[in-house]
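6 protein chains.
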Amino acid sequence: MKICWIHPTTRNDGLSRLWDKLDAVVRPALRPDTELEFRFLARSGNFTRSLYAEHLNSVHMVEAALQARDDGFDGVYFGCWNDPLWETREVLDIPVASVGEQSMLAALSMGKRFAVVTVSEKTVAAIENDLMAYGLSSRAIANPVRSIMPESDGGLLLGSVDDPHANFIPRLEAVAADCIRDGAEVILVGCAYYGPLLRAAGYGEIPGTGVPVLDSSTVALKYLEAMTDISLKLGVVKSNRRHLKAAPREALDRARASLGLI
Amino acid sequence: MKICWIHPTTRNDGLSRLWDKLDAVVRPALRPDTELEFRFLARSGNFTRSLYAEHLNSVHMVEAALQARDDGFDGVYFGCWNDPLWETREVLDIPVASVGEQSMLAALSMGKRFAVVTVSEKTVAAIENDLMAYGLSSRAIANPVRSIMPESDGGLLLGSVDDPHANFIPRLEAVAADCIRDGAEVILVGCAYYGPLLRAAGYGEIPGTGVPVLDSSTVALKYLEAMTDISLKLGVVKSNRRHLKAAPREALDRARASLGLI
Amino acid sequence: MKICWIHPTTRNDGLSRLWDKLDAVVRPALRPDTELEFRFLARSGNFTRSLYAEHLNSVHMVEAALQARDDGFDGVYFGCWNDPLWETREVLDIPVASVGEQSMLAALSMGKRFAVVTVSEKTVAAIENDLMAYGLSSRAIANPVRSIMPESDGGLLLGSVDDPHANFIPRLEAVAADCIRDGAEVILVGCAYYGPLLRAAGYGEIPGTGVPVLDSSTVALKYLEAMTDISLKLGVVKSNRRHLKAAPREALDRARASLGLI
Amino acid sequence: MKICWIHPTTRNDGLSRLWDKLDAVVRPALRPDTELEFRFLARSGNFTRSLYAEHLNSVHMVEAALQARDDGFDGVYFGCWNDPLWETREVLDIPVASVGEQSMLAALSMGKRFAVVTVSEKTVAAIENDLMAYGLSSRAIANPVRSIMPESDGGLLLGSVDDPHANFIPRLEAVAADCIRDGAEVILVGCAYYGPLLRAAGYGEIPGTGVPVLDSSTVALKYLEAMTDISLKLGVVKSNRRHLKAAPREALDRARASLGLI
Amino acid sequence: MKICWIHPTTRNDGLSRLWDKLDAVVRPALRPDTELEFRFLARSGNFTRSLYAEHLNSVHMVEAALQARDDGFDGVYFGCWNDPLWETREVLDIPVASVGEQSMLAALSMGKRFAVVTVSEKTVAAIENDLMAYGLSSRAIANPVRSIMPESDGGLLLGSVDDPHANFIPRLEAVAADCIRDGAEVILVGCAYYGPLLRAAGYGEIPGTGVPVLDSSTVALKYLEAMTDISLKLGVVKSNRRHLKAAPREALDRARASLGLI
Amino acid sequence: MKICWIHPTTRNDGLSRLWDKLDAVVRPALRPDTELEFRFLARSGNFTRSLYAEHLNSVHMVEAALQARDDGFDGVYFGCWNDPLWETREVLDIPVASVGEQSMLAALSMGKRFAVVTVSEKTVAAIENDLMAYGLSSRAIANPVRSIMPESDGGLLLGSVDDPHANFIPRLEAVAADCIRDGAEVILVGCAYYGPLLRAAGYGEIPGTGVPVLDSSTVALKYLEAMTDISLKLGVVKSNRRHLKAAPREALDRARASLGLI
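Chains as they are written, first to last, in the working numbering: chain A, 460 to 721; chain B, 460 to 721; chain C, 460 to 721; chain D, 460 to 721; chain E, 460 to 721; chain F, 460 to 721.
Take these hints with a grain of salt, some might be off.
Heads up, the list lumps identical chains together, so a pair's fine if it works in one copy or across two of them.
Okay, derived cross-link-like pairs now, DMTMM-like style, lysine to aspartate or glutamate, Cα gap no bigger than 25 Å in a straight line [as the list claims (entries may be wrong)]:
| # | residue 1 | residue 2 |
| --- | --- | --- |
| 1 | LYS692 | GLU496 |
| 2 | LYS461 | GLU709 |
| 3 | LYS704 | GLU580 |
| 4 | LYS692 | GLU664 |
| 5 | LYS704 | ASP479 |
| 6 | LYS704 | ASP612 |
| 7 | LYS704 | GLU632 |
| 8 | LYS704 | GLU522 |
| 9 | LYS692 | ASP479 |
| 10 | LYS704 | GLU610 |
| 11 | LYS480 | ASP492 |
Just so you know, the hints here were simulated from the structure itself, not pulled from any lab data.
With these hints in hand, go ahead and build the complete structure from the sequences.
This is the structure:
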């Protein structure tokens with residue numbers, strides 16, 4: 460099966476060590492017959508900690524998803540906790556996964572209550588909105604999404620490519636300790652990149668607690684493999700009633716044209 | 460105070476009787492010192508029953524809101540149940556109201572449980588998502604948003620400008636009867652246009668039930684007047700923490716530029 | 460429009476500096492055509508931190524509301540978080556607002572999660588009961604209503620008329636810091652008096668947090684203006700089904716007579 | 460132990476057949492050492508289907524409870540679904556039970572989901588408010604409180620003293636059938652009188668369904684016996700923190716005096 | 460009435476001081492006509508902190524309950540927070556109570572929010588599962604079940620037979636303080652044994668807080684007396700629809716035979 | 460990877476056409492490198508519509524799971540909606556999936572609200588308990604699990620091996636129509652066998668509605684493949700804190716020995 464990982468930004472060559480590392484860490488976890496392609500957006504405002512800017516960026520992400528479908532991919536993965544998940548599902552007839560929804564679902568089978576530790580207050584907002592919309596509040600702790608402090612920045616991210624222990628992990632563990640005290644049994648890394656980086660560094664559990672720290676990206680991709688196989692072999696992708704019922708192509712084209720997308 | 464009603468479409472002259480009627484019905488309900496201006500979108504895919512198309516259209520709606528702010532308006536009203544409410548609030552420092560949120564809040568003070576009767580299955584989906592996100596499920600009936608059948612179309616809408624009794628009201632009452640049986644004490648009209656049209660026709664209650672049928676648009680505008688006055692006289696518009704904290708202008712501009720908006 | 464602010468006590472001349480200050484702070488925030496009258500109860504046990512005593516006091520508050528209606532007021536405001544809100548709505552055909560419900564609704568449009576910081580453990584109980592009854596728990600933090608410590612007393616209140624910084628604000632900020640750590644984006648002042656006093660002192664935000672501290676009283680009055688205008692211009696006040704359906708006058712009179720109220 | 464059943468009305472001699480029947484049906488279900496006394500209110504507006512009138516009537520009910528405590532009763536039972544349960548608990552140091560709370564708690568141990576079938580739309584409102592406040596919605600069906608139609612009146616009640624089969628039971632079964640279809644496993648009779656009358660008539664289950672119809676009054680009294688014994692033998696009645704913490708006697712007296720109660 | 464207290468273990472003579480103490484503390488709290496018999500399991504893996512091991516042990520507990528029924532008991536009490544409550548109710552036609560469900564229901568009438576302080580992390584898990592299944596989360600604090608630290612062991616238990624003050628109470632109070640800060644008004648002792656031992660030592664409230672510490676076992680037994688009396692005098696034990704509908708004896712025997720139980 | 464499908468019964472040769480059909484339908488949907496083995500229980504009371512009998516049967520199912528682990532399987536699938544899911548997860552260090560949990564999680568990504576249509580009232584009870592425990596009520600319709608009528612029996616099942624259209628599908632569609640009217644967008648078949656049989660017959664959607672009817676068994680197996688791959692390649696199976704923390708082997712053996720299992 461062919462899977463398209465859509466990054467939420469244009470390609471930033473300054474982060475090429477990150478891109479290489481992601482490739483090296485994620486690919487071995489996939490099925491032998493899964494072809495994974497990383498794609499960057501053609502246009503993007505790039506990372507902006509803003510609900511509104513992410514709304515704009517989601518337009519580019521759906522465009523990339525439409526392109527992926529046209530290019531014959533069997534499944535699409537949104538590698539960002541800010542994602543146009545349901546809007547994309549509505550218009551596509553192939554499975555669409557996100558790091559957020561799929562890793563939360565996986566966490567439900569791994570423990571009673573989870574928490575998400577993320578990288579900025581604004582990401583907290585986005586993830587919390589999704590968690591509430593997914594109806595999963597009773598399976599997460601109170602105040603279920605929390606950010607490391609200080610927030611992540613480019614330096615922290617690049618530094619963590621080689622060694623997350625120096626700076627990222629101490630911030631993570633400070634927040635995670637509070638989450639565990641409040642009942643968390645599973646910690647999701649609320650970022651598509653730090654998860655694989657932690658795993659690459661052999662870090663998978665808050666020491667001494669029994670609480671796993673999930674590489675949300677890879678876990679989500681594994682669930683997407685399942686969703687895609689269900690699509691290919693059982694022929695079912697989604698409901699075609701109400702929320703995810705597709706609109707006519709011409710109507711969508713009219714909407715896209717209004718934004719100069721076609 | 461200056462209020463900008465933003466329509467979710469470009470101006471369709473074929474509906475000019477509707478636009479005139481809205482103006483005639485809504486304006487007298489406003490405060491004497493409220494200046495209301497109706498604005499249409501410069502570009503739009505226009506009505507498309509699609510979560511995705513509405514996501515695209517929301518981009519235009521935020522643009523219109525930004526323009527309204529720059530033009531000196533004191534408050535913005537989104538005249539559509541599909542709206543970019545929180546994204547716009549994040550970037551604006553003036554109050555933003557929507558027909559959905561404000562009319563639901565008003566309904567909370569009018570009875571114990573409300574229901575929304577809307578015009579299509581797709582609008583059901585959009586409104587239900589909002590209702591859940593607003594955390595109001597326990598104040599609405601089970602299956603709280605329901606559509607008239609057959610769904611609304613241009614003919615039904617235009618016909619209702621002069622007389623909603625012939626075709627719209629019977630469909631409304633059929634759904635409303637079920638809602639009332641299931642516990643609804645207040646019915647919100649899940650459309651920015653039919654509400655004023657019903658009121659213009661003197662229709663404000665499901666006959667014989669004591670259940671009011673709210674002109675959601677006008678009710679929402681009245682709440683926006685309050686929000687705007689609070690802004691002007693108390694100086695408070697919103698929280699600047701987490702969900703609604705504004706991002707830097709340059710970051711937003713970068714995102715807008717990526718879509719050719721500036 | 461004519462609005463009646465009903466105080467939950469008889470007039471205590473020892474607090475006349477407070478009454479004057481409230482008048483001076485609140486009135487300028489109202490619409491030019493709003494006539495506000497402060498009324499005290501004819502009889503009252505006055506402030507008693509007790510669910511039961513407040514139940515008794517509510518009888519006097521409804522009496523004052525009935526009198527206000529008879530005197531031609533267009534809307535009634537209960538200036539106390541202990542209030543007979545729904546009982547009064549049932550018997551009146553004009554809008555009734557409370558500092559509690561209206562300020563909570565306003566908070567919903569200002570941020571994702573709110574908290575109420577109030578002045579005694581007993582007020583915590585009353586407000587928490589209302590918050591649960593209003594179905595708003597998912598929009599507030601866990602343990603959503605918290606009291607300053609030590610609790611407020613007459614000295615603290617009178618002292619805050621001129622300067623809330625000395626004693627009230629430090630207590631407020633100690634509790635608010637915990638609320639914000641637990642996810643609060645908006646703080647409501649859980650008292651009808653301290654809110655205006657804080658605003659008079661230019662205090663509107665927990666410093667350095669972006670979290671507004673709402674003058675719940677004035678905010679609620681602004682919402683009441685909207686509700687009253689909706690009543691006057693749209694003709695709709697409430698549902699007349701089930702919860703708020705009015706009982707016959709003679710039945711109510713029988714009940715009132717049993718308490719010697721008529 | 461001495462238990463005081465407080466009726467929510469003055470004694471209506473026109474209903475003496477009812478009072479005699481209640482006595483005859485309920486007393487044999489009590490413990491041998493339980494002394495039950497039926498008391499009527501000294502003053503009351505009597506049955507009024509109104510949230511407000513019931514608020515007033517609750518004042519008389521608390522008075523009766525205070526008197527019962529002074530007269531040496533060990534426990535108080537409010538024989539009406541409209542009750543000042545928590546206000547009374549706050550001021551008393553003996554157990555207080557209501558037909559509503561205690562029968563709902565009993566239902567929780569008898570099946571997964573319950574429903575309450577009551578006698579008027581207004582009683583629906585009162586019971587639904589309590590059910591939500593008790594936090595039991597997830598153990599009841601959707602739209603969990605429903606009224607017989609036509610509503611009950613004096614004729615129906617008196618007629619049911621001798622034979623509820625003729626008129627009451629058919630109305631009950633019509634509503635109950637809907638409740639069972641919607642998932643109810645237990646039906647509570649939402650009236651303090653019809654429950655014992657049904658039991659006297661040997662009616663305890665919706666025929667052919669396995670769904671018991673609970674005599675809520677007697678069930679609640681049995682729970683009160685347990686609560687009272689816990690009080691007498693374990694010395695614990697309630698929490699003395701926050702919601703149920705007692706206020707000083709003089710403060711309460713001041714409040715009562717304001718209503719001429721002392 | 461005859462009540463059977465079923466211990467979740469075989470009789471451990473090393474704990475005979477505990478068994479004697481329980482008898483001495485609990486029996487005086489029962490009704491004069493209640494015959495209480497303590498029974499131990501014929502076979503058991505005994506205390507194992509494991510969901511799975513408790514599942515196995517529950518098989519023995521149901522066996523003991525079936526035997527109790529056959530031996531003419533009128534009610535069954537499971538003296539352990541790990542219990543097969545609903546499975547046993549399904550097969551028995553006499554009331555079945557558990558320390559968990561009955562004490563939680565009792566707590567609902569004693570305050571607004573409760574917490575359970577238990578003796579190990581694994582017991583936390585079991586109790587939290589039940590609390591969620593009973594639908595009582597909104598009446599408990601966030602993270603509602605918490606364990607003393609270090610966890611309880613045989614030494615702590617035996618030592619507490621004579622004096623819980625030395626070691627158990629300090630651990631209890633450390634956790635309880637957090638619970639009270641988070642809103643708890645009632646503390647349930649999450650163990651069938653420590654509750655009676657605390658009561659025997661005259662300990663019934665977290666000092667200075669007004670928060671009662673409930674002897675959950677005795678409280679639950681008192682509720683069971685009520686349930687049993689309801690069964691004996693009203694003839695109603697449970698719903699016979701869906702969840703608790705009994706299966707045919709021969710089917711159950713087939714299942715029991717498969718485990719060599721008959 | 461090696462997957463073990465554990466049937467909840469001993470092998471009934473009278474159903475061999477069913478077993479063959481399941482094999483023929485399910486196997487092609489799996490990954491090429493997945494080895495699936497169907498295993499029956501060594502001992503079982505076999506199908507018994509009883510919470511208690513299923514509790515006993517779960518003992519056998521865990522035994523089979525332990526055996527599967529010892530035999531080198533990489534993942535375990537419980538092919539029954541009555542399952543010891545969490546108890547087994549606690550004791551195993553390989554992934555455990557159930558038809559219930561995994562298919563519900565899959566449904567969450569396919570639409571906003573799902574319903575489960577099952578085969579008997581007793582299965583309704585079991586599934587509803589799980590759905591509530593999983594915290595998914597807000598993503599399912601009200602009264603979310605419903606049974607076909609008349610309930611399924613051996614004849615219906617065997618008849619459906621060749622042709623579910625004659626008898627099963629009409630019963631399914633009658634219930635499904637109600638579910639869809641109440642908001643269901645996805646229907647899960649609440650039985651491990653009918654799902655594959657429907658799929659074999661080419662039936663995958665309630666005609667004319669856009670609502671998919673999920674072969675829950677196969678969907679769950681696909682998710683188990685993902686879980687197992689996550690285990691094998693990422694090394695994470697579950698949390699080892701609180702709910703799923705493993706108990707010592709000797710403690711479990713003691714518990715198993717008490718039932719003669721070892």
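Hints, verified against the model:
Taking identical chains as interchangeable, the C-alpha atoms of LYS692 and GLU496 lie at most 25 Å apart whether they share a chain (22 Å) or sit on different chains (19 Å). Neither within a single protomer nor between protomers do LYS461 and GLU709 lie at most 25 Å apart by alpha-carbon distance, with minima of 27 Å and 37 Å respectively. Proximity of LYS704 to GLU580 under the C-alpha cut-off of 25 Å is restricted to the inter-copy arrangement: shortest distance 9 Å between copies versus 33 Å within a copy. For the identical chains of this complex, LYS692 and GLU664 are inter-copy neighbours only, at 16 Å across copies versus 35 Å inside a copy, given an alpha-carbon limit of 25 Å.
Taking identical chains as interchangeable, the C-alpha atoms of LYS704 and ASP479 are never at most 25 Å apart, the minima being 38 Å within one chain and 34 Å between chains. Taking the shortest alpha-carbon separations for LYS704 and ASP612, only the inter-copy value of 18 Å comes in at or below 25 Å, while the best intra-copy value is 39 Å. Taking the closest pair of Cα atoms, LYS704 and GLU632 come within 25 Å of each other only across two copies (20 Å); inside a single copy the shortest separation is 42 Å, beyond that limit. Only within a single protomer do LYS704 and GLU522 lie at most 25 Å apart by alpha-carbon distance; the minimum there is 19 Å, versus 28 Å between protomers.
Taking the closest pair of Cα atoms, LYS692 and ASP479 come within 25 Å of each other only across two copies (19 Å); inside a single copy the shortest separation is 32 Å, beyond that limit. With identical chains, the CA atoms of LYS704 and GLU610 are at most 25 Å apart between copies only, with a shortest distance of 15 Å across copies and 39 Å within one. Proximity of LYS480 and ASP492 under a CA criterion of 25 Å is satisfied intra-copy only: 21 Å inside one chain copy versus 28 Å between copies.
When the structure is compared with the earlier hints, violations turn up for hints 2 and 5 and for no others.
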